[in-house]
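Student: Here are the chains, one letter per residue:
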Amino acid sequence: MAENHPRGASVLQPRFPGVPWVRIRGWLGIVAAAAALLATSMALAWAPTDAVQGDVYRIMYVHVPSAWLAYLAFVVVFLASIGWLWSRRPIFDAIAVSSAEIGVLFTGLALVAGSIWAKPTWGVWWTWEPRLITTAVMFVMYVGYLLLRGLSTDFERRATRAAILGAVLVLDVPIVHLSVLWANSLHQLPTVLRAGGSPALDASMLLTLIISVAAFTLIYAYLMAARVAVEVARRERLWIPT
Amino acid sequence: MDTNVAFIVAAYVIVWGVLLAYLWSLRARGA
Numbered sequence: 001m002a003e004n005h006p007r008g009a010s011v012l013q014p015r016f017p018g019v020p021w022v023r024i025r026g027w028l029g030i031v032a033a034a035a036a037l038l039a040t041s042m043a044l045a046w047a048p049t050d051a052v053q054g055d056v057y058r059i060m061y062v063h064v065p066s067a068w069l070a071y072l073a074f075v076v077v078f079l080a081s082i083g084w085l086w087s088r089r090p091i092f093d094a095i096a097v098s099s100a101e102i103g104v105l106f107t108g109l110a111l112v113a114g115s116i117w118a119k120p121t122w123g124v125w126w127t128w129e130p131r132l133i134t135t136a137v138m139f140v141m142y143v144g145y146l147l148l149r150g151l152s153t154d155f156e157r158r159a160t161r162a163a164i165l166g167a168v169l170v171l172d173v174p175i176v177h178l179s180v181l182w183a184n185s186l187h188q189l190p191t192v193l194r195a196g197g198s199p200a201l202d203a204s205m206l207l208t209l210i211i212s213v214a215a216f217t218l219i220y221a222y223l224m225a226a227r228v229a230v231e232v233a234r235r236e237r238l239w240i241p242t
Numbered sequence: 001m002d003t004n005v006a007f008i009v010a011a012y013v014i015v016w017g018v019l020l021a022y023l024w025s026l027r028a029r030g031a
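Residue numbers (our numbering), protein chains in the order written: chain R, 1 to 242; chain D, 1 to 31.
The following block holds chain R by itself, in its conformation from the complex (with noise of 0.2 Å):
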């Protein structure tokens, strides 16, 4: 495979030539900082106070969406893995590694501003009920996958076990999606993905939250535009096929 692909050809530049990555990067990263603000805005000083919780509710618009990403990451890993088994071409384990760590880190965001927000409305930093116990694991299994990853110096072997895990463990999001339905739970059931009705929000606070998912996912996007350009320029110093 390295013989097609030669040292210091770029893994996009060869089937899209002629595209400013750079410059398509740069913007997107603009524009992901706007709506950051604009969602951030919005959270702090837009969207109507809870009429139960107060004001403390508003950690939901950056829980909920580090939540959604993660999901979005994991199911992108899933893809990338597939893609890999399918075709080997290496710039689908490349993404795959990318969204898998960005997912981690999304992941132990929504387990971090989840557990502050639990303080003051459950009493409790922690407590060992469904949502919090397969996130705790999902969170746990893809640090396991990044793990898993460095066993092997060998790219192909590295690159399908990599693969095969991370097929299956994209199993865990609709898991930790439906264990508030699944089990007596203290976590707060689905309240936008839930179904048989219209999202249970308030019209503002949902606009709010779709802003701050959105700013969230262009953040995404922009992260991963940077991690798989890391990655490819990582493997081309060491002369690894890309």
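Heads up, some of the hints might be wrong.
[Claimed, not checked] With the Cβ distance kept under 8 Å, some of the chain R side facing chain D (calculated, not the full set): (1) S66; (2) L105; (3) A113; (4) L223; (5) A226.
Calculated from the structure, these hints are not laboratory results.
Each residue gets a CB set at the ideal place from its N, CA and C atoms; glycine is no exception.
Put chain D on the given structure of chain R with help from the hints.
Tutor: Relative to chain R, chain D alone:
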């Protein structure tokens, strides 16, 4: 603002701080 303002500030500072730190680490790695 209610009495839980410290929790709100902590959550936002940690989330945005960690994301900025990660971005900074990517730039340090050559992104």
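Student: Close enough to count: is the Cβ of A226(R) nearer than 8 Å to one in chain D?
Tutor: holds, 4 Å
Student: Holds or violated: S66(R) as interface residue toward chain D, Cβ cutoff 8 Å?
Tutor: Holds - the Cβ of S66(R) comes within 8 Å of chain D, reaching about 7 Å at its closest.
Student: Close enough to count: is the Cβ of L105(R) nearer than 8 Å to one in chain D?
Tutor: holds, 6 Å
Student: Using 8 Å as the Cβ threshold, decide whether A113(R) counts as touching chain D.
Tutor: holds, 5 Å
Student: Would the hint on L223(R) be counted as holding, given a Cβ-Cβ threshold of 8 Å to chain D?
Tutor: For L223(R), the interface hint holds, since the closest Cβ of chain D sits about 7 Å away, which is under 8 Å.
Against the hints set out earlier in the document, no violation occurs for any number.
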